[in-house]
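Peer 1: As you go down the protein sequences, you meet chains A and B in turn. The numbering of the first sequence is the UniProt record's numbering, which starts it at 1 and goes up by one. The numbering of the second sequence is the UniProt record's numbering, which starts it at 1 and goes up by one.
Treat the hints loosely; a few may be bogus.
As the list claims (entries may be wrong) - As a list, the in silico DSS-like pairs of lysine-lysine whose alpha-carbon atoms are at most 27 angstroms apart:
#, chain 1, residue 1, chain 2, residue 2
1, A, Lys304, B, Lys110
2, B, Lys272, B, Lys167
3, B, Lys99, A, Lys304
4, A, Lys304, B, Lys293
5, B, Lys33, A, Lys351
These are computed hints drawn from the structure, not numbers from a lab. As the structure is a prediction and not an experimental result, all values here were calculated from the model.
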Amino acid sequence: MEVTSWTTMKRFVYINDDSCRYSYCGNRISNTKYTFWNFLPKNLWEQFRRFMNQYFLIIACLQLWSHIAPVSPATTWGPLIIIFIVSASKEAWDDYNRYLSDKKANERKVWVVKDGTHRQIKAQEIHVGDIVWLHENDEIPCDLVLIGTSDPQGICYVEMSNLDGETDLKTRFVPSISANLSADQLGKVKGVVECPNPDNDIRRFDANMRLFLPIIDNEACPLTINNTLLQSCYLRHTEWACGVAVYTGNETKSGMSRGTAETKLTAADAMIDKLTIAIFTFQIIVVLLLGYFGNIWKDTQGLKQWYLMYPMEGPWYDFLVIPLRFELLCSIMIPISIKVTLDLAKGVYAKFIDWDEQMFDWETNTPAHSANTAISEDLGQVQYILSDKTGTLTENRMIFKRCCISDTINDGTVSYKAQSQDEEALVNAASNLNMMLISKDNSSAGIYFNGSDFHYELLDILEFTSDRKRMSVVIKDGQTGKILLLSKGADEAILPRASAGQQIQRYLEAVEMYSQLGLRTLCLGWRDLEEDEYKEWSKKFREASCSLHNRESKIAEVCHSLERDLHILGVTAIEDRLQDGVPETIKLLRNAGINVWMLTGDKQNTAIQIGLLCNLITSEPSSQLLSITGKTEEDILRSLERAFIIMKNTCETKDLAFVLDGCALEIILKHSKESFTRLAMLSRTAICCRMTPLQKAQLVAILKSAGYLTLGIGDGGNDVRMIQEANIGVGISGREGLQAARAADYSIGKFKFLRRLILIHGRYSYNRTAFISQYSFYKSLNICFIQILFAFLSGLSGTSLFNSTSLMAYNVFYTSLPVMTIIFDKDISETTVLQHPQILQHSQAGRLLNPITFCGWIGRSLYHALVIFFITICAYADEKSEMQELSMVALSGCIWIQAFVVTMDTNSFTYPQIILIWGNFVAFYMINLILSAIPSLQMYTIMFHLCGQPSYWITMALTVVVGMGPVMAFRYLRDMYRPSAINMLQQIEQSNGSIQAFGGMDSALESVRTNLTDLVTDSRRNSDSNYQPLLSD
Amino acid sequence: MSSSGHAAGTSNGGSADAAAAAGAARRNTRMPKYSKFTQQELPACKPILTPKWVVSVFFIVGVIFVPIGVVSLLAARDVVEIIDRYDEACVPGNMTQNKLAYIQNETISKVCKRNLTVTKHMKQPIFVYYELDNFYQNHRRYVKSRNDAQLRDASKANQTSACEPEKTTANGQPIVPCGLIAWSLFNDTYNFTRGNENLPVDKKDISWKSDREHKFGKDVYPSNFQNGALKGGATLDPKIPLSEQEDLIVWMRTAALPTFRKLYGRIYFDLKENDTITVSLNNNYNTYSFGGKKKLVLSTATWLGGKNDFLGFAYLVVGGLCIFLAFVFTLLYFIKPRKLGDHNYLSWNRHPASR
């Protein structure tokens, strides 16, 4: 047969032939990022691509120039090296584990057949063209084309859960031309496989195989994915199987689909980056100013201070020395430890999610898991949830409910367990009605009905695709020899293909009625085929199946030509029940100000019904559905405009939702993307049906581009693109396999756990990160401001008040540990959060981490620096103004104030917090007393001196009261007279002692609140607009 | 503290079925192991700023601070201090226009007599300080210009790194002690007499014991010190080890502020009110070039230190403010009472129009 098209993307695999052995890569798998030799340079390179690290490296290098270094270079090098070692060892450990698993896979023994002899070699020695001989339960070492199995019918079973997450066994077929070869012949077979270049599509393999003489039938035989055994799958229930290696090593389909996921940056991270840049700018300004005035002081005053011995004429770079000194002095403004601290905290948040008992799904025995440990804060700032329907909101457990055949409407309720949901529901339902499928294999099926067997020969399968929305089979009746086409599919895919003159009205009505009940419908149709017609078609079909180019569309075209003039048999309806807790969860999330959109591949009516059932939309008159439909493009665009106008005018008073389908979306995206984006920003709810996986992802992208934080949740392979596109992807580890859960950042067992994931974990994580990041800047700025103030008393010369040891310990030790305690902090209890989900709007709007709150922290930092500095220099004036002592007094002041700042900002004290905050405080004194006992240090005896002075302790108490008094007074007045919602909830918790006490009253308020919430949250977008740009810009 | 020590609440509704199933499925489950820590259910105490709490804190702080302030102030007031600025007065009348020439001219006698009147009875020991003003011992160039190893260890005399620009003599000999700090050692001297009675100044133990014992070597002797063309301050007797050169040790404890006092010695005599003390001083040290003041200070000391009433005043003011705030908050609470924990304050429980 002719090869239809020649593409350049091709490889020819000569079976059992050494000549082409080395033209492709070997079967050595390597997932490692580094090798032993390139680890250090490559890892350093990776780390230094980050701005922060570059900055600190430059600072550290400048420190080496002792002429300008205010303190020992160790103050920067020490933490920098520690941070580098921590990151590098994490990378190295991960890479080493990858290496070990690669090594294990590469050195596994496999059997190959070479010119008829069986040999055992290492998996990594397999080359393209080798015949690999597999035994039962073997892991498949590379991608193979199956050429023989122990099964006389030429089938074998593979478990592909490693690839697609589906645990059911897949059947694989030996291609027809090698079906009749004996085991001996298989070992000697020669031939060529023509296949595309490696790709990562595990559902497609469009290839041909031709065997050489002495095999007589040397016609090219089409190969599909059903003739392959893919790497990392397992051979099951088959004694042996053998295949030709076509893709090896990292070029296999599983190897190609491995890829490093793009690292996601949370909104909070982006904000921290922005604030860092702001601080950096501030630092440059401060340095330039101090440097300028420092040079002026030097020229006017410094030259007169004879004891400084300033040379009259300095080197050419003299004017740079003082600014550079200040640059080094002020480099501590940007906390070097912030990334490590945040990474650590985020790791703990992720662990809390993994550990959460209340997110454990008993039914499927799956705990929640956060695959991405870095984005927990984003959960607390989610604005849009885009949810799949089937399997996510519903159980994906199909129950055959009704069918409409001819005129009668039958009821039958059967439950079943199955792999392929709808089909098995039908088969089971049929068997309950005494029509049993008793046998089914590759080419035939038997049905037992009313005491007799009927046999059908299965001639062709016209596969289901999401474009065709239907599938058909061509069968031959074993008794009569008649050839039949049987089709099933979506109503719009079947009913228009009905033969002329048939009454399809009643089926349309039945479909309508079933959809109203939230049932999934399927239409069935059939047609007699003439022998000739079938033969002719069958030839075309084979050609299309063999084509290497555009195979899918060619097949679709051929199928299309056959599926016409159908006799409509009837409509079936299958129920897919809502998952437990879905309506409550959606209500809660909507109360929390999150907009929930439903994206489904299902029909509009079914989708709307599910939407009603799960509280996504309410019935008229409190809400209104705006349907965006139309026959022509103009109609659709006009209805979009109309929906937008209604939405704009009434969204304040009514709960509006828009409904659109895939076709409409396609047209809208082509012509009027902007106005759709505007509509999307207004609508709290949307139901999008008939969506393709790509369209789901497109919707996410639209919302993302409008600056919203999106969460995509789904359970099936068709949701993967959406999940990956969204800021946060959540996968339900459900019945459609683990594909979605694997691609997602978080995987949970049930939709209802989303409530805890967002409201509890997300919210707490956001709050905690907001504190940790801002506090990190606060403490760095605090000590930096003191240094700057000291500069004015030291002739603007860039002297460091603090010694190297203190500076290093301050950043790495004294101030890092107490702040970590905030990872245990809960501002309000979980119960309160779930009772008042509206509180999430706080974190959504970024109220706890934005330039305004940050300025508050800077202000506090400056105030505390002033307090510490001036109290210290006033109390330790005159004869007491010894450098080491004064510096230690100022440092102690910082530590005291810091302990109280953390205490004051902690909302709930658990024992780790108390131990860490005050243990750190005690540790500060212990460490400094120990350091004071070492004669060679500058600090020798200083701490002993100070601790013996009453004036030291009196100064500390004064510093704390002056530093914290106004903070406390301000906070009290604010909490009391201008409280935030969080404060109020804290007060409610407090005044009720136990939150349960007012449960009754609360439920009474609930209904009122729900009604109001929608209004409040709708207007939120306007009222909080001053917060929004802070996040999105 | 109005903290209610209740455990962080958990939602019991959702876990009821979970608990029922727990028994059966415990054996073979991937369920995370329960602990209060992993479930974030550690018992927590959640204090909030209630009026009662805040008012009592401010009040108690005030009540503690005021007496401490009074005691500190009394202590500071107990200290008798005589300060005499002599840099201006010791310049001969004909040279007031050219003080720099006066101080730099070695031929002019720098001896100067000052009479001090004791204002109040001073009990021994009386501390003698010199005070310098506008003198930047904390300057980056100055404060680093020393080498501690060299001071401690005789064998490390050659270690003069960081001592720029007073490292070595012109012919490369290391200076001990090197660096600007030592080089600019203060060299004014004071002798006190009361009438005809000599008041000896005890210059022993004016430095820190730890410095004498560990920072300045007993076998380290000054060498090549002040031999350069440019003489800074005092010279050192090369026969006395550094550990006994107490003026140097005191001077090398650099001051953090541009105005500072350093201990010169102690007088172990009581000074009576209206006693006149004659100070005969050698005004050698140059503060004229940068307009710095020089003062001689005689002072007694208390448990709190010298005559510094900052802490006393600060405590009185802060304590007073705290009590004042406590009253203001109490008043505010009665004028504008607000019930804590009222649901109706929550924005979503109010009509949006009222926001």
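Peer 1: Does A:Lys304 pair with B:Lys110 here, judged by a C-alpha cut-off of 27 angstroms?
Peer 2: Roughly 22 angstroms separates the two Cα atoms, so the pair holds.
Peer 1: Tell me if the straight-line CA distance from B:Lys99 to A:Lys304 falls inside 27 angstroms.
Peer 2: The given pair, whose Cα atoms are some 14 angstroms apart, holds under the 27 angstroms limit.
Peer 1: Within a Cα-Cα threshold of 27 angstroms, do B:Lys33 and A:Lys351 meet the stated pairing?
Peer 2: holds, 12 angstroms
Peer 1: Take the C-alpha atoms of B:Lys272 and B:Lys167, compute the straight-line distance between them, and say whether it is at most 27 angstroms.
Peer 2: With a Cα-Cα distance of about 48 angstroms, the restraint between B:Lys272 and B:Lys167 is violated, given a limit of 27 angstroms.
Peer 1: Is A:Lys304 close enough to B:Lys293, meaning Cα to Cα at most 27 angstroms?
Peer 2: holds, 14 angstroms
The structure is inconsistent with hint 2 alone, although it conforms to all the rest.
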